[in-house]
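*Asks:* In case you want the letters, here they are:
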Amino acid sequence: MKKLFAVALGILTAIGGFVDIGDLVTNALVGSRFGLSLAWVVAVGVIGIIVFAEMSGRVAAVSGRATFDLVRERLGPRIGLANLLASMGVTFLTFIAEIGGVALAIEIATSVDEVLWVPVVAAALWIVLWRVRFAVLENAFGLVGLALVVFAVALWKLDPDWMDLWAQVTSPRPGANETWTSYSYYAVALFGAAMTPYEVFFFSSGGVEEHWSEKDVGTMRLNVFLGFPLGGLLSLSIAAVTAVVFLPAGVQVESLSQVPLPVAIALGKIGLAIALLGFFAATFGAACETGLSVGYSMAQFYGWSWGKFVAPRQAARFHAVVLLATVVAVAVLLTTVDPVAVTEYSVVFSALALPLTYLPILVIANDPDYMGERVNGWFANALGSVYFVVIVVVSVAAIPLMVLTRGGQ
Amino acid sequence: MAERTDQPGFRRQYDAQLHLLDRQILDRDGLPVAKVDDIELVVRADGRLAVAALLCGPGALGPRTGGRLGRWTKAIWRRLRPDEDPQPGRIDAALVTGTDSAVHVSASAAELRLDGLERWVRRYVVDRIPGADHAD
Amino acid sequence: MLTVSGCATPEGDPSLYRDEAVSTLSAAESSVVTVRIVLTTRLRDRTFGRAADDAVTTAETSLSSTAGTFEGLQPPRGADAVRQQATQLLSDAEDTVAAARIAVRRDDRAAMRQALVAVAGVAARLDRAPEILP
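Protein chains in written order, with our numbering: chain R, 3 to 411; chain Z, 30 to 165; chain W, -16 to 117.
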């Protein structure tokens, strides 16, 4: 019974923790401009993250080491360093976006400008990272993040033309007002939002934080195979509600304050309050994850002690990096840069950095030195290789598309 | 390849690149010390190479990374060291007790004295914040 | 002759300028319709005052930024009529959205209803703009 509870908790946390500011903004924007014609990208992205998360989780459980920890060993210091810079850079950009996202969520509820909330959010965030236990941190924000289910409920309440929505899903092409170039650009953005690199570092390092062993592989797989697809469905429901309310009205989502409007229309003030709670939990949780991931990447590359499972003074450099990252993130946000713009850049740069960040996982999961008998089977390798090709294509297309569409216009 | 006969920590011939370099070094309590940033080799009497020591820190990693970045790393590291001719952090091969997915050494991290940066950060940053000694 | 071969004129191509006007008005429509939706939702008491305030203020900021960018563009010869009509529309949009923001912040339902009518009117004109722009 206790085991069942633990498994359920894991799955629910995975669902609620799946959506971050990148998914929120990108799905809402895409729904308002393209309807559900890009839904297939979300599906492809979710399967991709499942494949690689399972590999990196298995690496952590079987070898007791986090995936990033092993990158330098397998790929050498030069490629390892390139990997570190790309991963840390993108994760740090995402970290800034997440803190901005929390501030925006509070702005919507209070009507006080997000810039004023940034220092408050960052201070609260850092205290949480310093003092709150890892398991509590994961479970709390993951579970409260389930509040985003309100978007699926709102979709139901809006009583849309389901046949029309399905027609959008099955016609993967830009509509009358959009071009193939912008369609492709947002396909890249959605893919980057679904497969953000920090998710696999964090998943793997989190496994080490929680002292996973080989017997945890089954539970880990359950979380990944059940939790992530349901999380993906949450993302799609956000796209669907904006498709139902905004697309026919000619509204393009460009700020977070527009995103909960369909929920307000469908479910009133209570629905709106739940949606805002969901935004807060999703972005704050993701801010914790990306903040820790910046520290994990650097510490694991240089061989420093890291993690919350030791006292902070035993992992001083790790905690100093996290602190420094938080301070710099606040400084960036205090320049009044629009967090939504930062988010849009972070998902596209995530797409750009994907090959460099995902190749090592594939390499390490195939290494019998670390994995023993639990190396990738043919199926995992087949999927991993196919996805690797997809990732390279997306990465190569990212910058040209960004230039051609002038950042998505 | 490195030979082992008089080095109990190394049980077999190694492809140093595959089994030693860039490995995590764990101390006798299983805590991370550093990575094997470079190794010091010595030519034995019979002409074969043996591992004399593991080298750690930017003084070792810089030159091994090579290129301009590597040279800058080493130059900055040299500036920050007070000694005239600084040597990279060194763990004698005799201390190595075994290698699996990491390299295990018989000393504790504190005894190895490789953690200058860690101790500096601990003293001037982390220890000044309340709650620094609470583990999860 | 010179205006027909638009690319030869130093200030740019009038048809490109018109395209820019259409896209600006489309972006403006997005902000204005957002305000319309917020007003409707607030009047039906389906959203909090603060959330409505935030949404309207954000739309207003976005609208004035869009309008400002367009108004700063140098119109090519022969595009003055386009500019005049577009900036008139944008100005009306900014006025109605500002009135909506004032009404929402005061939580003045009568003023909100008035603003809603005005905003809906501007939204309809913005929607027809691509056809009626010269």
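No wet-lab data here; the hints were simulated from the structure.
Worth double-checking, as some hints may not be accurate.
Computed far set for chain Z versus chain R, every beta-carbon distance over 10 Å [claimed, not checked]:
| no. | residue |
| --- | --- |
| 1 | Cys85 |
| 2 | Thr94 |
| 3 | Arg100 |
| 4 | Lys103 |
| 5 | Ala136 |
| 6 | Leu141 |
| 7 | Leu146 |
| 8 | Ala164 |
One side only, chain R facing chain W, incomplete, derived with CB under 7 Å [claimed, not checked]:
| no. | residue |
| --- | --- |
| 9 | His213 |
| 10 | Ser215 |
| 11 | Thr221 |
Positions of the beta carbon are idealized from the N, C-alpha and C atoms, including for glycine.
*Asks:* All hints are to be evaluated individually against the structure, with a verdict given for each.
*Replies:* Outcome of the hint check:
{"no.": "1", "hint": "Cys85", "result": "violated (8 Å)"}
{"no.": "2", "hint": "Thr94", "result": "violated (5 Å)"}
{"no.": "3", "hint": "Arg100", "result": "holds (14 Å)"}
{"no.": "4", "hint": "Lys103", "result": "holds (13 Å)"}
{"no.": "5", "hint": "Ala136", "result": "holds (15 Å)"}
{"no.": "6", "hint": "Leu141", "result": "holds (12 Å)"}
{"no.": "7", "hint": "Leu146", "result": "violated (6 Å)"}
{"no.": "8", "hint": "Ala164", "result": "violated (4 Å)"}
{"no.": "9", "hint": "His213", "result": "violated (43 Å)"}
{"no.": "10", "hint": "Ser215", "result": "violated (47 Å)"}
{"no.": "11", "hint": "Thr221", "result": "violated (39 Å)"}
Checked against the numbered hints given earlier, this structure breaks hints 1, 2, 7, 8, 9, 10, 11; the rest are met.
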